[in-house]
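A.B. asks: With the sequence shown counted from 1, adding 16 to any position gets you the working numbering.
A portion of the hints provided could be inaccurate.
[Claimed, not checked] Dumping the calculated DMTMM-like pairs for lysine to aspartate or glutamate here, alpha-carbon to alpha-carbon at most 20 angstroms:
(1) Lys266 x Glu277
(2) Lys238 x Glu148
(3) Lys223 x Glu24
(4) Lys223 x Asp27
(5) Lys223 x Asp157
(6) Lys266 x Asp27
By construction, these hints were calculated from the structure, which means they are not laboratory data.
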Amino acid sequence: MRTELVSEPGDPARPNEDFAAVVLPASGRGGAVVALDGVTPPRGGTGCLHSVDWYTARLGGALTELTVSLPDVPLSEALSRAISRTAAAHADTCDLSHPRTPQATVVVARWSPETVEYLVLSDSALLVESSEGSVTAVLDDRLSRLPRSALATDAIVDSTVRNKEGGFFTAAADPAVAERAVTGALPRAGVRALAALTDGATRWVEKFREGDWEDCFRLVRKEGARALVQRVRALERADAEERTYLRRSKTHDDATVVYVEL
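Take the sequences, apply the hints, and build the full model.
C.D. replies: Laid out in structure tokens, this is it:
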């Protein structure tokens, strides 16, 4: 089995707010991939004493453990339990009702000898290569479908669409959000490989339009996960002045790529 994991901060002077793990249980009969992208808040309060990277480490660690130790529990239930466990860790000190309480996007894939299960919440991506070689992107595209007016300012986002019906959802403090995730299952025999990408890496497709999801997957498979991140960084640097592609986005974002051949 070939696995690769690359995670680079957008700014070396700041903590990487992504989390990633590849887990291969001792039985050798399955495994899991977990990737989280912490949501960097705007300047101002979040109601929380803790940093985003603290939160993603807590949530990612809990989700990884539950995904592997409870193989018969659906991934949405594992995420719900992980959110509850993480919320309990700081409920006594922090205002978890704040719209900017630490939160993250989530990608999980878990495989057994029979099945590959997946869960995607918000704007990270899971790419699935079939046994025939075709590539399918599993996406939660609610954020990308919102009108630009709904995303005009942070205040509008927080009051109208963040973790609200008709908007988009992230893993914050409410375990019920796990039921909003995109989930499914595929026969193990029909899946050759997986790639989980946070949105700092999906920029190659979604922002810079260098290729489609199949092109992106084949780049990772052929040249490696680091090659994709390096290409994104080069594109970001080239766009730093004109901001033709990034517009309001930060120049560099934390970028994580996890690749697994089953």
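A.B. asks: Compare the structure with each hint and give your call.
C.D. replies: Hint check:
Annotation: proposed proximity of Lys266 to Glu277 is violated, straight-line Cα distance about 32 angstroms (limit 20 angstroms). Between Lys238 and Glu148 the alpha-carbon distance is near 17 angstroms, which keeps this suggested pair within the 20 angstroms criterion. Restraint check: the Cα-Cα separation between Lys223 and Glu24 comes to about 18 angstroms, which is no more than 20 angstroms; the hinted pair holds. Of the pairs offered as hints, the one joining Lys223 and Asp27 holds, with about 19 angstroms between alpha carbons and a cut-off of 20 angstroms not exceeded.
Between the alpha carbons of Lys223 and Asp157 the distance comes to roughly 14 angstroms, so the proposed pair stays at or under 20 angstroms and holds. At most 20 angstroms may separate the alpha-carbon atoms for a hinted pair to count; Lys266 and Asp27 meet this at roughly 10 angstroms.
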